[in-house]
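Q: Spelled out from the first residue to the last, the chains are:
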Amino acid sequence: MLEMLLSIPGLLLIVGALLVPVLPHAPRQAYMLALIGVSGYLTFGIETGVHTTASLGGLDLILVRAEAMTKPFALVFHIAAALNVFYALHDPNKTTSAAGLAYAGAAIAALFAGDFLTLFLYWELTAITSVFLVLAGTSARTMNAAMRYLLMQVGSGVVLLAGAGLLWRDGTGLTIQAVDALTPAGLCLLLAFGIKAAFPLVNGWLQDAYPEASVTGTVMLSAFTTKLAIYMLALCFAGFTPLIYIGAVMAVLPVFFAAVENDLRRVLAYSLNNQLGFMVIGIGVGTQLALNGTVAHAFASTIYQGLLFMALGAVLHRTGTAKASQLGALAKSMPLTAIFCTVGALSIISFPLFSGFVTKSLTLGAVAKEGYFFVWLAMVFVTVGAVQHIFVKAVYLPFFGPAPKRVKAKEAPLGMLLAMGAAAALCLGIGVYPEPLYALLPYDARYEVWKAGYVLGELQLLFFAGLGFVFLSLRGVYPTAMDTTVLNTDYLFRRTLPRATMAIAGPVLRVWFVVLAALKRSVLQMLKISEQASRESGLVSGIASIGSAAGIFLAMFALMLILRQVM
Amino acid sequence: MMQHLPVLQVLLPLLAAPFAALLRGRDLAWGVAFITTGAAFLISIALFLEQRALGTTLVYEMGNWAAPIGIVYVIDAASALVLPVISGIGFVATLAARQLVAAEIDARDHALFYAAWLLTIAGMLGQVTTGDAFNIFVFLEISSLSAYALVAMGSGRDRRALPAAFNYLILGTVGATFYVIGLGLLYMLTGTLNLVDLAERLPQVEETRAAFTAMAFIALGLFLKMALFPLHFWLVPAYAHAPSAVTALMASTATKVSVYVLIRLIFGVFGVEFPGLADAVGLLVLTLGIAGAFVGTLAAIVETDLKKLFAQSSIAQLGYMAIGIGAMSATGLAAAFLHLFNHALMKGALFLAIGMIAAQAGRATMGTIQGAGKQIPITMTAILFGGLALIGVPLTAGFISKLYLIRALLEQDFWLLAGLTFLSSALALAYVWKIIEAAWLQPRPKGAPKLHETASQYIPAWIMVIATLGFGIYATPLVQAAFAAAHVFIPSVAGAN
Amino acid sequence: MAKSKNPKSKLTPALGLRLLAAVAGLLVLAEILVHRHAYFALEAMPLFFAGFGFLAFLAIILGSRLVAKLATRPVDYYDTPEGDA
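Protein chains in written order, with our numbering: chain A, 1 to 567; chain B, 1 to 497; chain C, 1 to 85.
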């Protein structure tokens with residue numbers, strides 16, 4: 001039992017989470033860190049290859065298998081889990097702690113799943129554990145957002161199971177490996193992964209639910225689900241060209257939505273979405289360099305995206321709002337948070353010497369090498385987009401811009417500062433000295449990012465984008481954020497689908513009601529007849545049922561005879 | 001001693017029943033029932049192990065009169081699997097009955113209650129062990145008549161138990177009559193009622209209309225007894241208004257025994273090759289099974305009384321067993337046996353837990369359990385696990401049986417049906433979620449009576465929950481036993497499992 | 001707007017602006033000294049990245065106006081039942 005607990009990565013965290021609710025506050029935090037530490041140590045020692053198999057009703061399951069790509073993902077998941085514990089040091093909510101830990105464990109265990117059935121189990125476990133994080137939110141919309149979130153997440157699992165079933169029928173086996181996307185099974189799997197990776201049209205849940213979670217919950221959510229989906233896409237669909245264009249759309253569209261959105265945590269959710277687009281592009285290109293880029297970018301972005309969510313979460317925690325229109329000049333009251341947040345922003349806009357630069361450049365280089373000009377252009381464009389919605393809107397204006405009204409705030413609590421400080425140090429560390437990260441990557445393909453011309457081009461891009469902001473501000477046409485609901489693709493599920501359903505179901509329902517009324521009439525008629533037939537007995541309900549039972553018997557006997565004759 | 005076990009299995013509760021009726025004082029009667037069901041459970045386990053070890057059929061000849069003149073008791077892989085279900089549930093339900101019966105039934109009636117209780121169990125065990133078709137009818141009537149009486153005993157607390165019991169009695173009798181008419185036809189055609197002889201002689205007359213009619217009547221009578229949609233309407237009121245202990249016992253066993261008898265007669269006597277059987281019964285059972293799965297699940301979603309809710313869900317679950325039968329394959333039958341076994345466990349857990357709530361609060365509705373997750377967490381968790389098993393969530397026994405059911409359907413390329421089965425299982429999430437929401441996400445209304453729980457109240461339900469989880473995690477021996485049971489009726493083919 | 005009115009900042013807006021402009025100017029000048037290796041013809045154009053960065057920023061603001069026009073609704077849009085909206 002203990003051996004199994006230790007041999008399946010993540011299981012220790014899932015099972016260990018059961019104990020979290022019963023521990024008092026301080027030992028609980030120490031206990032969770034210890035668990036993550038032990039789990040990380042055990043996981044990091046796992047060599048590439050198949051380790052644990054099992055058999056369930058004639059199906060061969062691979063419980064533990066490591067690919068070349070597994071280690072970096074497992075490492076960053078452990079880092080994120082540990083940072084989350086620090087970040088939530090002030091938070092006495094036991095449900096969030098336990099769910100967060102189990103969620104991290106499920107995501108880690110999923111990385112090591114070697115077959116689709118095992119994957120399905122953890123896939124659904126991430127859905128179920130993570131919904132508690134959304135539920136921990138405090139706004140009035142939390143409950144509904146959580147239900148919509150759960151529906152999409154569980155739905156993704158159901159599609160995954162369907163895909164696995166189709167694979168099994170085709171006799172290809174359930175092992176997770178490269179899958180032909182243009183088969184029914186492949187399409188199912190692509191859709192299942194696509195939902196969790198927030199592909200265009202199925203991305204609505206991300207922007208819908210993440211900003212509704214609690215301060216700590218959002219940070220935990222941002223790390224795992226989407227990266228797990230990216231990892232699975234990379235294992236199964238590397239080199240599937242349409243992904244390049246899906247990824248490009250995914251990267252570009254959120255830029256415009258983020259520009260309009262007022263809720264800064266929602267802006268970050270859009271930004272998370274377009275970072276995922278970069279990774280999907282890399283998977284679509286599928287060369288060794290591109291896949292290295294995807295993995296590296298997933299690693300770095302988990303940390304800097306987490307850092308940004310942490311910083312704006314800290315703002316929400318201290319000021320009670322994360323609305324751009326109500327924030328400004330926070331750098332004076334929250335100087336450390338401002339510095340850390342700026343580091344996160346510099347990373348995401350891929351400023352040289354910060355982590356985004358050394359990882360994003362791999363994918364960018366791979367795309368350029370393969371000659372996808374417009375995709376490459378789109379990726380450069382998206383970098384400018386990040387300058388707009390992250391650097392200017394989410395960091396510069398709230399922390400350094402003018403204050404719309406006096407906002408009283410204290411510096412973030414110590415735990416948050418520790419987590420943000422560590423994340424910022426990692427961003428800077430990776431940016432300055434990326435070699436250890438490069439060494440972790442699955443392939444040997446390398447890309448030289450420190451070429452003077454390349455650095456110069458990047459700096460020009462970023463500074464002139466900044467000048468664009470100055471230009472528009474001076475002309476007085478830079479838009480101010482306003483409180484609105486921005487329609488996203490979840491509109492399809494929240495408005496279009498119900499309308500269509502009602503349009504179809506309305507007439508059907510009307511017919512059904514007519515049939516129902518007729519049935520009711522005939523039943524009442526039967527009741528009356530049988531009541532008259534044996535009035536003396538008096539127990540009406542019993543008599544009526546006997547009448548109908550005899551009728552049903554006869555009908556079924558007739559049906560049997562007919563079936564026998566016809567078939 | 002060992003060679004007498006097959007008959008002791010039935011005889012023990014049968015003889016203990018009048019003994020219990022004569023005893024005064026409720027604890028004595030309960031004690032007799034407890035010891036008897038405990039012994040019956042041990043006997044069934046011994047029989048199961050012996051049968052599995054030998055791998056052959058154990059035949060017991062009453063008074064050393066060999067078949068076809070004498071009556072034989074037969075323990076083969078199928079009956080060996082079903083006996084522990086009935087006696088085991090009977091034992092745990094008896095354990096719980098002490099509290100439930102004390103709360104719900106007038107003390108003067110306790111002796112009679114336990115007598116009827118033992119008779120029901122004896123009747124069900126008899127139906128499973130006997131090798132004679134008419135003997136099945138006799139035991140069917142023994143168990144049914146005492147079951148009507150047990151349901152009617154709910155009238156002290158809930159007057160609606162009387163019409164429900166009457167309704168159940170009339171319909172049950174109609175079902176039994178159909179069965180016995182079918183038997184009469186068979187006897188007329190073949191001159192025997194021994195199951196083995198019947199199977200041997202039937203092929204000579206299988207083309208006659210009388211043979212088909214006999215088959216159809218027997219099947220129809222048993223459809224009613226197993227509450228197959230649309231002959232299910234006696235079940236919900238009977239379960240809902242019966243005393244809680246009776247609901248727990250019957251929901252887990254009564255309909256299951258009829259499923260077993262149906263399999264034994266349809267496959268064991270008539271056989272899959274019987275002309276018209278695959279078309280008339282197979283197709284009908286598949287259609288009605290899936291329809292029942294949807295009707296039961298949908299009805300459960302809108303139901304607010306918990307006993308009715310899970311009674312409706314039983315309709316759906318019986319639908320799944322019917323689908324397994326209708327698949328007309330070894331895997332299908334194995335799935336039906338698995339689900340028979342697993343569903344007995346989960347429904348036992350659910351109704352025992354709900355019974356404890358009903359015994360305290362008078363009724364168990366969505367209102368009663370609103371916000372109850374904090375007051376009686378252990379009982380509510382048992383209900384939660386039972387509900388998850390009903391959906392078929394992995395790591396519960398429900399998952400295993402659904403898995404094999406879907407495999408059986410896919411083997412025959414019934415894609416649509418597999419999809420529908422999956423869909424209806426997923427729908428079950430709706431009523432389980434309803435309970436989760438009421439119990440944990442809503443606050444306890446002001447003025448609601450305080451519920452409490454003690455170990456003796458939740459331990460019976462948790463025995464079932466642990467069994468559900470145990471057989472969900474470590475399912476291999478059970479799966480093997482189910483396939484062995486299925487191969488009694490449909491010999492194994494190379495490649496099946 | 002944001003840059004121009006922030007009197008309490010130690011780094012006065014005017015100074016900040018000048019710094020930004022100075023760095024940008026240096027980066028333009030550096031183009032003469034540093035050779036940029038290009039994959040695409042367009043990329044090889046002098047000052048491509050500078051121009052693209054500036055124009056793209058304007059394009060994003062322009063595009064977001066379109067989104068604002070087409071896809072924004074009152075903040076309680078989804079909370080009001082269908083038909084009232």
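Hints are computed from structural coordinates only; laboratory data are not their basis. The model shown is predicted, which means the values in this text are computed figures rather than measured ones. C-beta: ideal position from N, C-alpha, C; glycine also. Among the clues, some could well be false.
Label pairs and their computed distance ranges (CB to CB) [to be verified]:
# : chain 1 : residue 1 : chain 2 : residue 2 : range
1 : B       : V205      : A       : L516      : 40 to 48 Å
2 : B       : W433      : A       : A517      : 25 to 33 Å
3 : A       : L75       : B       : H452      : 48 to 56 Å
4 : A       : T241      : B       : P377      : 51 to 59 Å
5 : B       : W433      : A       : V249      : 33 to 41 Å
6 : A       : S325      : B       : R363      : 48 to 56 Å
7 : A       : A140      : B       : P377      : 43 to 51 Å
8 : A       : V511      : B       : L416      : 57 to 65 Å
9 : C       : R65       : B       : W433      : 56 to 64 Å
Calculated pairs, DSSO-like style, for lysine-lysine (alpha carbon to alpha carbon, straight line, at most 30 Å) [what the hints assert, rightly or not]:
#  : chain 1 : residue 1 : chain 2 : residue 2
10 : A       : K410      : A       : K332
11 : B       : K446      : B       : K434
12 : B       : K308      : B       : K450
13 : B       : K450      : A       : K94
14 : B       : K374      : B       : K450
15 : A       : K369      : B       : K434
16 : A       : K451      : A       : K332
17 : A       : K451      : C       : K69
18 : B       : K374      : B       : K446
19 : A       : K94       : B       : K308
20 : A       : K410      : A       : K323
21 : A       : K332      : A       : K405
22 : A       : K451      : A       : K323
23 : B       : K446      : A       : K94
24 : A       : K71       : A       : K323
25 : A       : K94       : C       : K69
26 : B       : K450      : B       : K434
27 : B       : K434      : B       : K374
Q: Take the hints in turn and mark each one as holding or not.
A: Evaluation of the provided hints:
1. V205/B / L516/A: 40 to 48 Å: Since the Cβ atoms of V205/B and L516/A sit about 45 Å apart, the hinted range of 40 to 48 Å holds.
2. W433/B / A517/A: 25 to 33 Å: Since the Cβ atoms of W433/B and A517/A sit about 31 Å apart, the hinted range of 25 to 33 Å holds.
3. L75/A / H452/B: 48 to 56 Å: 49 Å, holds
4. T241/A / P377/B: 51 to 59 Å: 53 Å Cβ-Cβ, so the 51 to 59 Å window holds.
5. W433/B / V249/A: 33 to 41 Å: Cβ of W433/B to Cβ of V249/A: about 35 Å, so the range 33 to 41 Å holds.
6. S325/A / R363/B: 48 to 56 Å: 53 Å, holds
7. A140/A / P377/B: 43 to 51 Å: Cβ of A140/A to Cβ of P377/B: about 28 Å, so the range 43 to 51 Å is violated.
8. V511/A / L416/B: 57 to 65 Å: 23 Å, violated
9. R65/C / W433/B: 56 to 64 Å: 43 Å, violated
10. K410/A / K332/A: Roughly 10 Å between the alpha carbons, so the hint for K410/A and K332/A holds.
11. K446/B / K434/B: 20 Å, holds
12. K308/B / K450/B: Judged against 30 Å, a Cα distance of about 23 Å means the pair holds.
13. K450/B / K94/A: 26 Å, holds
14. K374/B / K450/B: Cα-Cα ~11 Å, so holds.
15. K369/A / K434/B: 55 Å, violated
16. K451/A / K332/A: Distance of about 37 Å is beyond 30 Å: violated.
17. K451/A / K69/C: 43 Å, violated
18. K374/B / K446/B: Holds - the C-alpha atoms of K446/B and K374/B are around 14 Å apart, at most 30 Å.
19. K94/A / K308/B: Outside the cut-off at roughly 36 Å; violated.
20. K410/A / K323/A: Roughly 17 Å between the alpha carbons, so the hint for K410/A and K323/A holds.
21. K332/A / K405/A: 14 Å, holds
22. K451/A / K323/A: Distance of about 40 Å is beyond 30 Å: violated.
23. K446/B / K94/A: 26 Å, holds
24. K71/A / K323/A: Roughly 38 Å between the alpha carbons, so the hint for K71/A and K323/A is violated.
25. K94/A / K69/C: 43 Å, violated
26. K450/B / K434/B: Distance of about 21 Å is within 30 Å: holds.
27. K434/B / K374/B: Distance of about 16 Å is within 30 Å: holds.
The earlier numbered hints that this structure contradicts are 7, 8, 9, 15, 16, 17, 19, 22, 24, 25.
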